[in-house]
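These protein sequences, in sequence, are chains A and B.
For the first sequence, the numbering used here gives the first residue as 22, with consecutive numbering after it.
For the second sequence, the numbering used here gives the first residue as 123, with consecutive numbering after it.
Hints listed in this document are in silico derivations from the structure and should not be mistaken for laboratory results.
Heads up, the beta-carbon is just placed ideally off N, CA and C, and yes, glycines get one too.
A couple of the hints might just be wrong.
If we take Cβ atoms under 7 Å as the criterion, some of the chain A residues that face chain B in the derived model are [stated by the list, open to error]:
#1 Ala63
#2 Asp84
#3 Pro86
#4 Ser88
#5 Lys90
#6 Ser153
#7 Gln157
#8 Ser330
#9 Pro331
#10 Leu333
#11 Val336
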Amino acid sequence: MSEAAKPQARELPYVMAINEGIREVLREQQDAFIAGEDVAVAGSVYGYCTGLLDEFGPDRVVDTPISEKGIMGLGVGASATGCRPIIDLMFMDFIGECMDEVANQMAKMRFMFGGKATLPVTVLTMGGAGGSLAAQHSQSLEAWLAHLPGMKVCMPSDAYDAKGMIISACRDDNPVFVVLNKASLAMTMEVPEGPYEVPLGEACVRRQGTNLTIVAFGRMVHEAMAAADKLKDLGIDAEVIDARSVQPFDTATVVNSIKKTHRALVIHEAVKFGGIGGEITAQIQEEAFDYLDAPVMRVAAPFSPVPFSPALEQVYIPNAESIIAKVKETLEL
Amino acid sequence: MAAKKKPAAKKSPVKKAAAPKAKTAVAKAKKAPARKVKGPSDKVLKEMHLKMVRIRRFEESAGKMMEDGKIPGALHLYVGQEAVAAGVMQHLSNQDWITSTHRGHGHLVAKGGEFKPMFAELFGRATGYCKGKGGSMHISSMDLGMLGANGIVGGGPPIAMGAAFSNKFRKNKNVSVAFFGDGASNEGSVHEAANMAALYKLPCIFVCENNGYGEYTSQARHQAIVDVADRAAGYGMPGVICDGMDVMAVYEAAGEAIERARNGGGPTLLECKTYRYYDHVGVRGMGLNYRTDEEIEAWKKKDAIEGFEKRLMQLGVMTQKQIEAVHTTVAKDVEEAIEYANESPYPGPETLLENVYNEKGA
Ligand SMILES: Cc1ncc(C[n+]2csc(CCOP(=O)(O)OP(=O)(O)O)c2C)c(N)n1
Ligand SMILES: [Mg+2]
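Put together the whole structure using the sequences plus the hints.
The structure is reproduced here in structure tokens:
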């Protein structure tokens, strides 16, 4: 699936790929540490910090109080003054607690200071619905972050990318949010041992096709791939692009694909209105209008908070079926 | 005002129930300020007992239902902390507001929550308190003055402060109570709410349920103080500590704070030392070794319900038989509610876009 040679690759779940990514960074960067709620002794509530305390000790694997504003501020202050912090924000929804540090401090400090401050800080956070965790533990808020000049945002969809993007993010001298997905934690694939990068700002064509281009974000890549498999039986050959990075966004890969397919569908788990899909759709019509044979369509969550009841959540989250339905609409089938 | 403290595990109020008149005198002699709260009647004692038993049975069954796969999502159970909810809520009417936490079922039960719509909500059914949209972490009842459990740690106190502002603004005698944990006491939101409540002299009571842990992190590892009530001095409100395993101690301390708030005396920070028996989430949790079996057993020896039941019998308020009857009735209520929830329909997909806005008010 991925471009790098993988002599020592073995099957690894997404959760352990995250663990390896953090581990590689802490090994290679002596200025790096990870701080967050229950990351040290408990090894994170998701388990992806397991063993880090033992290997790196309590100075570099730091349990914090439940004080997101403080934790994010710690990341800003420490990164501006010589450290390379990895900040763990347990659920993406908790960003509300620390949005000032993210939006007004972390993202802007370098610009406001005329380029004289450097903030090599990486924030790991967990988005996504699917486990009946309801309205405050299930959101996909990447569009909030991508709207901030100065901030980089990526959404690794699989284990290989999770490890590689964490390493890239931590090697980057800018604030980077790595938005992980809790519904992917157990998903396994081949992951190489040792450090490697998955570059920020580069999309990846996951499946070649000729009839339309599906651009998907995060976990939705897997739904798009499942949809593409089924569409094949209907004689529709879809190209699937894993956006991987939200900010910066790899417009070129998408436009090149559309030059071949002439149709596009953008898919994300976040609410449709104001979601990143609107931006991508606009970019496509700005840069590839002449190549389009149909309006660019979107599949995303309806305009409601994430519901608790499984009966509603099932309807809420985009899936292969809703993607197939929209593809048929796009192709006027 | 300087923070004042009471020793934990104060025993006198309990004895007071036996012979209220005589003991009131004792209590008065011991304490500088005159007691404002009258000794609880037998009726009050029985009500608090019922509240605690209802919480425990509800939570135990909810835990089982979760393990049986009937309840999806995250379930934070209140078992062990019943005395806090019961002792505080005994002073509140439906017109008084509370804000709760992620560990919110106990607060709702004590506020008068009914089992049927509660289980239905946890099961994600249309007949639940929130029509299946909120679940455990957002369970609420505006009719009962319960402004919601909360998925955001520290989410409640600012809302309770706002409700207290509203009470003062509308010149009624109602109060609001913010429940929050020791872990939550480190959120900026809690400090901002407390400062504002003290500044505006709002009828707001901040009840910190200090169960010694925020998730898997012990209090000693998340703050440099032992008593959250110490912070009251910094806010400019009285800080009180009570034994959160003793419903009488909670009842007395909360009564004083609530009466003060009702009479325009402003907010209080009441810290209740308590313990959760189950894991942070669910019953057994993630199997992390962050607290010892000895510690859990030591707290269970102080069990709020068992201890109180012995008292009630000693005091002649209830007989063993009557106590057993309460348990039997509550168990039956739980059973019926689970059956009701099981048979209730799931919300239809058309309800997804309902309640996002108030369509009528538009
Ligand atoms: C803003 C925010 N940060 C973190 C969490 C994750 N979380 C849920 S409960 C909890 C622990 C809360 O501890 P405490 O306030 O002591 O309440 P307790 O669980 O002990 O009742 C944490 C960290 C959250 N839900 N919201
Ligand atoms: Mg606690």
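**Request:** Of all the hints given earlier, name the ones this structure violates by number, lowest first.
**Result:** Of the numbered hints given earlier, the structure breaks none, since each of them holds.
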